Amino acid sequence: MIESRMTIEVVTAGHTEFVDISSRVRRLVVESGISDGICCLYVPHTTAALLINENADPSVVQDIASKLERIVPWNERYLHLEGNSAAHIKASLMQTSQVILVESGKLLLGIWQGIFLCEFDGPRQRKVLVKLIPSQT
Amino acid sequence: MIESRMTIEVVTAGHTEFVDISSRVRRLVVESGISDGICCLYVPHTTAALLINENADPSVVQDIASKLERIVPWNERYLHLEGNSAAHIKASLMQTSQVILVESGKLLLGIWQGIFLCEFDGPRQRKVLVKLIPSQT
Amino acid sequence: MIESRMTIEVVTAGHTEFVDISSRVRRLVVESGISDGICCLYVPHTTAALLINENADPSVVQDIASKLERIVPWNERYLHLEGNSAAHIKASLMQTSQVILVESGKLLLGIWQGIFLCEFDGPRQRKVLVKLIPSQT
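Protein chains in written order, with our numbering: chain R, 1 to 137; chain B, 1001 to 1137; chain W, 2001 to 2137.
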């Protein structure tokens, strides 16, 4: 059986928002029945991205988001006329794709790690594409 | 049949330049005959990197490149005697490897997404290594 | 035979430290007996990350580490009460996962490239998870 692509739909509520999708990714891994391999995550957007970092204390991702805003202020002089260049730049500093290992049917996230969809130009409807590749048949 | 590694050769013309290689990656996916799996991209350089972001309006990547230059100016005091530390640092802030999903023989790029080789110390000859891994045989 | 997950243990000595693990990753690839595929690397930590960049001149990663410290100073005002937000932010700017191609039993690193575990809140014991996925059986 071919493991085909799955999609996680995320509706963001704020302009900048980090949405924890860890439990949804974990569920897809279980549902796939794969026992050993890799879980590939991909964001098909240009003003959103993927981040894996601490989800125990929500102030960690708030600090990450605030610092990104200080490094890349919304209102600098950018060429792109749509006015959302800061969102494109912040997304570029995070990751578009991530690969997480799967073992014994479980996603090998670290104990403090969560998977976040980073919204930098919301609110919007976003997608995260997920594909599981088994180690071997 | 083993899907072996393919190489995209890029000749950059400027010192900093983001070269859109999306159509070349798409062609390799078609030529490979793979219908379902992942496309792994890798840059074997230390002053170049991979970025997936908007390729509709070229001012987006110009804004990304300019902002990186403001964050990491060429003429700060660096230890590395070759004088191109800024290029190494900018490459570190982008991605060395990317994984994009393939479905029904097509690369699942988002509608606004393009794949860029980011040159930070050109002009030079660069390579992007590409390998397709099928979901299952 | 299923290629199962391997682990590289790293003990860091300093607060910020980039540890070259290239030769250990190369050895795992050889030991696995895989001839063609990809090598997936994953850091299960939130204040450490993976970087692939120059390992010939050690001043390159010193410049990268120093610049990250200037961009993300340890003593700014952050919300996270543990006091190590800067380490979380720096890790977010590097990569959590990397995928490197394997061909003829060899890791396709560029000639100047090394793989680094980036420690941003050491000294600590760290792990890098490694999984090899063959192109096809």
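Since the hints were made in silico from the structure, they are not lab data. Since the model is a prediction, treat every value here as computed from it, not as a measurement. Each residue gets a CB set at the ideal place from its N, CA and C atoms; glycine is no exception. Incorrect hints may appear among the rest.
[Claimed, not checked] Quick partial rundown of chain R residues pointing at chain W, CB under 7 Å, derived from the structure:
id, residue
1, V11
2, V30
3, I34
4, L51
5, V60
6, W74
7, V99
8, E103
9, L107
[Claimed, not checked] Which residues of chain W face chain R? A partial, calculated answer using Cβ under 8 Å:
id, residue
10, M2006
11, T2007
12, I2008
13, V2010
14, V2011
15, I2034
16, Y2042
17, W2074
18, N2075
19, Y2078
20, S2085
21, A2091
22, S2092
23, S2097
24, Q2125
25, K2131
[What the hints assert, rightly or not] Subject to a maximum C-alpha distance of 20 Å in a straight line, what follows is the list of computed PhoX-like cross-link-like pairs (lysine-lysine):
id, chain 1, residue 1, chain 2, residue 2
26, B, K1127, R, K127
27, B, K1127, W, K2127
28, R, K106, W, K2127
Right, here's what the structure says about each hint:
no.	hint	result
1	V11	violated, 23 Å
2	V30	violated, 18 Å
3	I34	violated, 12 Å
4	L51	holds, 6 Å
5	V60	holds, 5 Å
6	W74	violated, 18 Å
7	V99	holds, 5 Å
8	E103	holds, 5 Å
9	L107	violated, 10 Å
10	M2006	violated, 10 Å
11	T2007	violated, 10 Å
12	I2008	violated, 13 Å
13	V2010	violated, 14 Å
14	V2011	violated, 17 Å
15	I2034	violated, 10 Å
16	Y2042	holds, 5 Å
17	W2074	violated, 12 Å
18	N2075	violated, 13 Å
19	Y2078	holds, 5 Å
20	S2085	holds, 4 Å
21	A2091	holds, 7 Å
22	S2092	holds, 5 Å
23	S2097	holds, 5 Å
24	Q2125	violated, 13 Å
25	K2131	holds, 5 Å
26	B:K1127 x R:K127	violated, 30 Å
27	B:K1127 x W:K2127	violated, 30 Å
28	R:K106 x W:K2127	holds, 18 Å
Of the numbered hints given earlier, the model fails hints 1, 2, 3, 6, 9, 10, 11, 12, 13, 14, 15, 17, 18, 24, 26, 27; all others are met.
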